[in-house]
Amino acid sequence: MLDKIGIAKRIAQELHDNTYVNLGIGIPTLVANYVPKGISVEFQSENGILGMGAFPLSGEEDADLINAGKQTITALDGAVYFDSATSFAMIRGKHVQLTVLGAMEVSENGDIANWKIPGRMVKGMGGAMDLVASAENIIVAMMHTNKKGDSKMLKQCSLPLTGVACVKKIVTNLAVLEVMPQGGFKLLERAPGVSVQEIMDATQGSLLVDGDIPEMDLK
Amino acid sequence: MINKVVSNVQEALEGVEDNMTLMLGGFGLCGIPENSIAELVKKGIKNLTCISNNAGVDDFGLGLLLHKRQIKKMISSYVGENDEFERQMLSGELEVDLIPQGSLAERCRAGGAGIPAFFTPAGYGTEVAEGKEIRDFNGKPHILEHALTADFAIVKAWKGDAAGNLIFKATAKNFNPMMAMAGTITIAEVEELVPAGALNPNEIHTPGIFVQRIFQGERFEKRIEQRTVRS
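Line order of the protein sequences matches chains A and B. Under numbering that gives the first Met the number 0, the first residue of the first sequence carries the number 0, and numbering increases by one thereafter. Under numbering that gives the first Met the number 0, the first residue of the second sequence carries the number 0, and numbering increases by one thereafter.
Source of the hints: derived by calculation from the structure; they are not laboratory data. Some hints here could point you the wrong way.
One-sided and incomplete, this derived list gives chain B residues near chain A with beta-carbon spacing under 10 Å [to be verified]: (1) 95; (2) 97; (3) 98; (4) 103; (5) 108; (6) 119; (7) 168; (8) 172; (9) 219; (10) 221; (11) 224; (12) 225; (13) 226; (14) 229; (15) 230.
All residues carry an ideal CB built from backbone N, CA and C; glycine is no exception.
Generate coordinates for the entire structure from the input sequences, incorporating the hints supplied.
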């Protein structure tokens, strides 16, 4: 089974050279710490920076330089600042090649719910709806089940949707899955020490298990 | 050159009254017009509709206005940092329109740019699309969104000159430029107010034509919401 860092490390393996990437708050933000050696990726943050760097050293925090999660960050060489309309022009205009974000629920046809639990938690969607409606490539980082052990990989989302038929790939603490064009999850990889049966038991939506399923390789 | 300078925050906020719609710049606590917010709290102006990406935290930013029950309605994209906000919203005391951040930004820009409405894919298939016209473009459904304007837009900039031209710093820029365009009257609060001619025209972010009043803020706390460092 993977922890948050393991999920982030596995997603980092999906990064392609010379691409612009948007990382959502939570687990996705950790992906920036595991960019594979030798590839060039530039991170865009929806609040108006391209070329986002790591957290600053203590004493060098700048109140005017934060990421989408309101955390203090630094800017790399070649970075640029811009306003929110320009930021979402980059996102909606498909200039950002990959979006990584978290989810509460994903359905077998690629719907995603990650912004509201009616009557309990209504934090708002932020940039998530823009991101999922426009991104060419979306990877979701999430736990496979909730704290009670119920599956979050469903036939149909029960929570208010963030986007429809948009998720392509999901990395959970148990597995890597993809959403097939015709609908249905397909199991691609198992997390270290996790069996196919465990994954099947944790997946409520339809799950295609075709042949031998390899274990994730997290050097 | 048309002089936009006013002496202080009191003069800057003259004419802001109960029941008005305000736009306030900022992302989280970054780039918020702190001095203007403090003055609004002091003046006790109420029944406000506030258009702002976030609602501050419980004891800073718009949270201060929420705490005093001065806001009737919020139009925002994310309010997660503010427990009082969530409480007022869930209890029905506060009316809230949660709208996608990109649509919020573009609606403000459109409001300032004379574009009454536009189509966007964001929110299609979700409750954001309810009651709105849907049209297909390039085989993909889009929602019709309308422009946003405000009686007053209150923005925060790093530097500004007497003509109202503004320069923003780093990620404190965010919603400020578009809101500056969309306010019927735009008030700019700056850290450094300089004479016309001091700013390089090549480096100005927001032209002074969009700004009606500019003043130097007396004090900026510039609170950091999440101080994160690396070892």
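Hint check:
For residue 95/B, the shortest C-beta to C-beta distance to chain A is roughly 8 Å, which falls under 10 Å, so the interface hint holds. About 4 Å separates the beta-carbon of residue 97/B from the nearest beta-carbon of chain A, less than 10 Å, and the hint is met. Among the interface hints, the one on residue 98/B holds; its C-beta lies about 8 Å from the nearest C-beta in chain A, closer than the 10 Å criterion. The interface hint given for residue 103/B is met, as the beta carbon of that residue sits about 8 Å from the closest beta carbon of chain A, less than 10 Å.
Because the smallest distance between the Cβ of residue 108/B and any Cβ of chain A comes to about 4 Å, under 10 Å, the interface hint for this residue holds. A cut of 10 Å between beta carbons decides the hint on residue 119/B: the least distance to chain A is about 7 Å, and the hint holds. Annotation: interface hint on residue 168/B holds; nearest CB of chain A at approximately 5 Å, less than 10 Å. Because the smallest distance between the Cβ of residue 172/B and any Cβ of chain A comes to about 5 Å, under 10 Å, the interface hint for this residue holds.
A cut of 10 Å between beta carbons decides the hint on residue 219/B: the least distance to chain A is about 9 Å, and the hint holds. Below 10 Å, beta-carbon pairs count as interface contacts, and residue 221/B has one with chain A at about 4 Å; its hint therefore holds. Given the 10 Å rule on beta carbons, the hint for residue 224/B holds: about 4 Å separates it from the nearest Cβ of chain A. Using the Cβ-Cβ criterion of 10 Å, the hint placing residue 225/B at the interface with chain A is satisfied: the shortest such distance is roughly 4 Å.
Interface hint at residue 226/B: satisfied, since its Cβ lies 6 Å from the closest Cβ of chain A, which is below the 10 Å cut-off. With its C-beta approaching chain A no nearer than about 4 Å, residue 229/B sits inside the 10 Å limit, and its interface hint holds. Here the hint on residue 230/B is kept, as its CB sits about 8 Å from the closest CB of chain A, short of 10 Å.
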